[in-house]
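Model the full structure from these sequences, guided by the hints.
Listed below are the residues making up each chain.
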Amino acid sequence: MSIKRIETGPRLSRAVVYNGLVFLAGMTADDTSADVKGQTEQILAKIDKYLKEAGSDKSKLLTATIWVSDMAKFNQMNKAWDAWVSQGNQPARATVEANLANPQLQVEIQCVAAV
Amino acid sequence: MSIKRIETGPRLSRAVVYNGLVFLAGMTADDTSADVKGQTEQILAKIDKYLKEAGSDKSKLLTATIWVSDMAKFNQMNKAWDAWVSQGNQPARATVEANLANPQLQVEIQCVAAV
Amino acid sequence: MSIKRIETGPRLSRAVVYNGLVFLAGMTADDTSADVKGQTEQILAKIDKYLKEAGSDKSKLLTATIWVSDMAKFNQMNKAWDAWVSQGNQPARATVEANLANPQLQVEIQCVAAV
Numbered sequence: 000m001s002i003k004r005i006e007t008g009p010r011l012s013r014a015v016v017y018n019g020l021v022f023l024a025g026m027t028a029d030d031t032s033a034d035v036k037g038q039t040e041q042i043l044a045k046i047d048k049y050l051k052e053a054g055s056d057k058s059k060l061l062t063a064t065i066w067v068s069d070m071a072k073f074n075q076m077n078k079a080w081d082a083w084v085s086q087g088n089q090p091a092r093a094t095v096e097a098n099l100a101n102p103q104l105q106v107e108i109q110c111v112a113a114v
Numbered sequence: 000m001s002i003k004r005i006e007t008g009p010r011l012s013r014a015v016v017y018n019g020l021v022f023l024a025g026m027t028a029d030d031t032s033a034d035v036k037g038q039t040e041q042i043l044a045k046i047d048k049y050l051k052e053a054g055s056d057k058s059k060l061l062t063a064t065i066w067v068s069d070m071a072k073f074n075q076m077n078k079a080w081d082a083w084v085s086q087g088n089q090p091a092r093a094t095v096e097a098n099l100a101n102p103q104l105q106v107e108i109q110c111v112a113a114v
Numbered sequence: 000m001s002i003k004r005i006e007t008g009p010r011l012s013r014a015v016v017y018n019g020l021v022f023l024a025g026m027t028a029d030d031t032s033a034d035v036k037g038q039t040e041q042i043l044a045k046i047d048k049y050l051k052e053a054g055s056d057k058s059k060l061l062t063a064t065i066w067v068s069d070m071a072k073f074n075q076m077n078k079a080w081d082a083w084v085s086q087g088n089q090p091a092r093a094t095v096e097a098n099l100a101n102p103q104l105q106v107e108i109q110c111v112a113a114v
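Protein chains in written order, with numbering that gives the first Met the number 0: chain Z, 0 to 114; chain S, 0 to 114; chain P, 0 to 114.
Heads up, a few of these hints could be off.
Claimed, not checked - Some chain Z residues well away from chain S (every beta-carbon gap over 12 Å; in silico): (1) Thr7; (2) Arg13; (3) Thr31; (4) Asp34; (5) Lys48; (6) Leu104; (7) Val111.
What the hints assert, rightly or not - Facing chain Z, a subset of chain P residues (Cβ under 10 Å, in silico): (8) Gly37; (9) Gln41; (10) Leu43; (11) Lys59; (12) Thr62; (13) Phe73; (14) Gln75; (15) Trp80; (16) Gly87.
Think of the hints as simulated: they come from the structure by calculation, not from any bench. Note that the Cβ used here is the ideal one computed from N, Cα and C, for glycine as well.
In C-alpha cells form, the structure reads like this:
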C-alpha cells in the first residue's frame with residue numbers, strides 16, 4: 000500500500016496519507032501576535048487546507064491532540080474549536096498543557112482523519 | 000468506509016470507530032477527590048466501557064498515551080495500570096508529565112484499540 | 000485481523016503491529032549521561048531496531064510525537080533527527096515540552112509506521 004506525503008521538508012511532512020488514514024503534523028499559528036482564540040483559528044484553517052489536500056475534510060476527523068501553553072486559556076481555545084468542528088462529526092480529543100517550540104505559540108493541534 | 004461515533008457532544012466524541020480501529024478521547028476521573036491510583040482506576044473503567052461500546056476490549060489495545068500531573072506519582076498510576084492491563088496483550092505506551100484541564104485531575108489516558 | 004506484539008512486558012509492549020500499522024512505545028535513552036543529541040541518537044537506533052522487528056523501516060514512518068524536557072534543546076534534538084530521517088519520507092511530527100519519567104531523560108519519541 001502506498002504512502003502519500005504532502006509538503007515534505009527536511010524534517011517532517013505536513014500530512015501523510017496511508018491505508019485510509021491521514022496523519023497531520025502538529026499545526027501552530029503563523030501570526031503569533033494573535034491571542035489563543037486567533038491562533039486556534041489560524042491552526043484550524045491550516046487543518047482544513049491539509050485535510051483537503053489529502054482528500055479529506057473536517058467531517059472525517061477521527062482524533063485530535065491539543066496542547067495549550069496555559070490551561071487558563073482552555074476556554075478561549077475551545078471557542079474557536081466549537082465554532083469550527085463539524086456538528087455530529089466531532090472527533091475523539093485530548094487537551095493537555097505544554098510549552099511549545101517557542102514562547103509565542105499558545106496552542107498546537109495534531110489530528111488524524113479518515114480519507 | 001463508514002465512521003461510527005460514540006457519545007458525540009458539541010466538542011468531541013468519546014470514541015470513534017473506523018477501519019478496524021477505535022480512537023478513544025482522553026479519559027479523566029469523575030471523582031477527583033480520589034488519589035492518583037483511584038483516578039486511574041476510574042479512567043480504566045471508562046476505557047473498558049467505551050471499548051465495549053465500540054465492539055472491542057482491553058485485550059485489543061494497540062497504544063496508550065498517559066499524562067500524569069506529577070511524575071512523582073508515576074508508580075501509583077502504574078499500580079492501577081498493571082493490575083488492569085490484559086496479560087500478554089499489553090499495548091505500546093508512552094507516559095509524560097502535563098498539567099491537565101483542571102488542577103484536580105492527576106491523570107489522563109488516551110488509547111487506540113483494534114475492533 | 001491478528002495483533003502482533005513485540006517485547007511484551009508486564010506493563011507495555013515495545014511495538015504492536017495491526018492492520019498495516021506498527022505502533023511503537025515511547026522510546027527513551029538507556030545511557031542518560033549522554034546529552035540531548037546523544038540521547039536522541041540512542042532513541043532513533045531503538046526505533047530502527049523495533050521497526051525492523053515489525054517488518055518496517057524508517058522510510059515508512061507515518062507520524063512521530065517528540066517530547067523534550069527543555070525546549071532550549073530543540074535544536075540539538077533536531078540535529079540527530081535531521082541526520083537520521085529518511086530523505087523524502089519524513090513523517091508528520093509534533094514536538095512539545097514535557098517532564099519525562101525521570102529527570103535524566105531529556106527526550107522521548109513515539110512513532111507510528113506503515114508495515
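Okay, which hints does this one fail, numbers in order?
7, 8, 9, 10 and 14
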